[in-house]
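These protein sequence lines map, in sequence, to chains A and B. What the first sequence shows, in my numbering, is residues 1 to 571, in sequence order. What the second sequence shows, in my numbering, is residues 1001 to 1318, in sequence order.
There could be a bad hint or two in this list.
DEER-style ranges, computed between Cβ atoms [what the hints assert, rightly or not]:
no.: 1; chain 1: A; residue 1: 195; chain 2: B; residue 2: 1215; range: 27 to 37 Å
no.: 2; chain 1: A; residue 1: 442; chain 2: B; residue 2: 1219; range: 21 to 31 Å
no.: 3; chain 1: A; residue 1: 551; chain 2: B; residue 2: 1226; range: 34 to 44 Å
no.: 4; chain 1: A; residue 1: 206; chain 2: B; residue 2: 1198; range: 35 to 45 Å
Partner residues are not named here, just some residues of chain B that face chain A (Cβ under 7 Å, in silico) [said to hold, decoys possible]:
no.: 5; residue: 1116
no.: 6; residue: 1120
no.: 7; residue: 1146
None of these hints come from the bench; they were simulated from the model. Glycine included, every Cβ here is placed at the ideal spot set by N, Cα and C.
Below, each chain spelled out in residue letters.
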Amino acid sequence: MRSALVGWVAAVLAGAGAGAAAGASEPAIRFTEVAERAGIRFINMYGGVRSKDLILETTGTGAALFDYDADGDLDLFLANGSRLGYGDAQSLSSALFRNDGAGSFTEVTGPAGLESYGWAQGVAVTDHENDGDLDLLVTRYGPNLFFRNRGDGTFEEVAAEVGLDDPQWGAGAAFGDLDRDGAADLVVVHYVDLDPETTPGPGAAPNCFFLGIPVMCGPKGLRPAPALLYRAEADGSFRQVSDAGVGAERVFGLGVVLFDLEGDGDLDIYAANDQTPNHLYRNDSDGGRLAFREIGLAAGVAYNEDGRAQAGMGVDAGDVDGDGRIDLVVTNFSHDYNTLYRAAGDGWFLDESFAAGIAEPSYPYLGWGAGLRDFDLDGWLDLLVVNGHVYPEVEGGITDSDYAQAGLLFRNAGAGQFTAIDPGPLAAPRVYRGAAFGDTDGDGDPDVVATVMNGAPAYFRNESAVDGGGPGAWAGFRLVGRTSPRDGAGTRLVLDRNDGTVVREARTSGSYLAANDPRVVFGLGDAPETGPVRLTWPSGCRQTVDPAVGQYQLVVEPPRCPAETPTAPPP
Amino acid sequence: MLLPGVLGAAGRAPPPTRAVMVGQARGEDPAALLRAGQRWLAAGNFENAVRVFRRLTETAPDARAWYYLGVALLESGEFADAAAALRRAASLGPPGGNPAVAHSLGTALLRGGDSGEAVRVLQEAATRHPGNAPILLQLGYAHYTRLEGEAAREVLGRAVELSPDDPLARFYLGMAEAALGELEPATRSFREAARLAPDLLDARVALARTLSQRGLEDEARTGYAAVLAAEPAWPPALVGLAMLDLQAGDAEAAVAGFEAALAAEPAQRQALYNLAAALARLGRLEEAAEVRERFREAASNAPEPGRSLARTASRPRR
């Protein structure tokens, strides 16, 4: 483990001066890794351990933090994979863990009916029937699985019944009410149109080497795959929509996030693609008809500032600089940098990765899961990235890269200026992949569950609330839609403060192969006195509420909010 | 400014041997052939140089003849043949190996795409000739092209220690440091390379870019401006300056800068990509769309440059 540790140590040293200059009273971000202690006993199986013959073995699996039993706390679903040549009997099942409310978990996979095998990939969560019970989509190499929540703590698999059993190699997936009809639609990005029978083995073709080492082939040289858009129909099924402008171009899709590009109230789609340009689908839907236009190149988020396609893996969205616009972050391959696309207005972005401070420390790492979250509750979105190489063959000092890598933690010192800080237990090298973000212990600060390829997951409990100077005050919101989707995903929340405006969006998508906490938390720092929060629901309904400090406030969409309520652009 | 790998970079050519006498016996004067070939080589007429050195290898097939043929082939872009000739020279050379031959062989392998074998050859030569800075420089560069940033930094650091006034060693050390994301050391290396060789414009552009990446915009701007004062149509500097304008919100100035860069290099990818963005920023949407099409065409016609290693600069000018 050379470069990864050197990288963050150097970054920490580089950041130490700035931190010291800023003063010792600033809240720290402190995590402890407690997976085993918290009862999350799970082993991931995903392809070969010391070598990989097929690209299928490299992408890993995701996780979901979601309240499956509607008891108010986040439970955990961990997807699992397989090995080449293994059947179900030799593979390990995906697993569900129930949270006791304080961040201790008990496995309930069997009783919940979630035992499942195969090459699972991503996880997405929605309340499909708006019945108060969260349902679960698992993308796979092979037909997707869709687990309908019966509402009694058990699930039934109904992918074929509802039209979600597409057999393509699905990766990231995101639910959101794209046509604003009150039902969550779905977008799934696909990685490779893979035929194991015709894919060459390691070293068998020019695209099957890394720095001269024979490795699995691809994705270059293999056939990319299109994204798929599904519309939620009134009868409870999903219908593939091929003429809405999504998926016209085949790419190596991995990550996806839904966010409101222009503050116009509808959800747009941003997909991180590996070795192909990233895609931004602007939502031009009208009158219930789904319509998108791919504008990644025009918006400045398809390539980096050099006009070069990177190797996008994970993705997240959030207003990092407090200007009311949603910025985007993408994790990329090693020997490259993670990219921050800062929204410059009018739907246009600038690659400001270096200026923001996230580029330089990321070079040694191959990034996957990423979350823009206010870990220290000071009102600014910080950034956490988990890393791990795709080639086990790089281990052993043959190359600069290590297979197992540390995570990266960046503190936002304000206005989108990030400093790499000591990541605590994330410094322990692991072959990370997915990362789900959410407040698992109800203390307001976001925790992280990260999947580890062929290993046990890591559960990073955010202890910033306990020590390290303590986080600021916070105000949380748990949303319940009526005309809008019941889980409130897609709702925009705006808090006016003396020092500016804070914008947050309720969403479960983002990171890598993950489903995240849909609740919204405003970090208030050391100034808990605040004005009201203005909500704009996906239906267009607008609502104003006074935040309750130190707790999650239940906010229900008004029953008779006119659907035509105009939505104003953000300030 | 010569790239490493060209004639005489790593040491003297192999000495003449008794084979010269053989050539003389055939009626051609090997010494005259050698002189003629060297003249063609120096004049940049590599085709003629290859022709003459081939005759030399037939007349006096010693290590020196094969070495010069290898160098001429290398300069002609015939890397596989160059490597073969240089291997022949190595086999006829002294037991310890001639550093010039090893250096050129490593260069031929590297340019021919066999960077792994280049590293092996150069590593072996570096072990035999640990005080030979050009070999270390080439070995470091070979590591660098293989994304082996740490190895590149270590080897190039040794090259700098041995040859602290070599601007190329400083420049490539800076490139390796930048590739590792170590922008402060890279800044120092580029600054020193630029001081040692003010005409090495890529070092000055790399310095400006690194300063820009570190948020030192005023210094970066001054650096680009100085490069443009020396060479007004130097595309990397025009693009760098235009990028600063774009980031500062001055889209008009950015458009002018990108267009100037494209006048000099019509398929400059970064300029096309960001020109489209700047035009869109100004509301010139039709022009932006047209430039985006040009970018797409450029992107489809040119392979993706290497990952971050291509960020800072191209090779130094010859």
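At the C-beta level, are residue 206 (chain A) and residue 1198 (chain B) separated by a distance inside 35 to 45 Å?
The hint (35 to 45 Å, Cβ to Cβ) holds, given that residue 206 (chain A) and residue 1198 (chain B) are roughly 40 Å apart.
Range first: 21 to 31 Å. Now tell me if the beta carbons of residue 442 (chain A) and residue 1219 (chain B) are that far apart.
violated (49 Å)
If you take the shortest Cβ to Cβ gap from residue 1146 (chain B) to chain A, is it below 7 Å?
holds (5 Å)
For the hint on residue 1116 (chain B), does the least C-beta distance to chain A fall short of 7 Å?
Cβ of residue 1116 (chain B) sits 4 Å from chain A, so the hint holds.
Residue 195 (chain A) and residue 1215 (chain B), beta-carbon distance inside 27 to 37 Å?
violated (47 Å)
Can you let me know if the beta-carbon spacing of residue 551 (chain A) and residue 1226 (chain B) is within 34 to 44 Å?
violated (58 Å)
Let's test the interface hint: is any C-beta of chain A closer than 7 Å to that of residue 1120 (chain B)?
Violated. Min distance 10 Å.
Violated hints for the displayed structure, listed by number in ascending order: 1, 2, 3 and 6.
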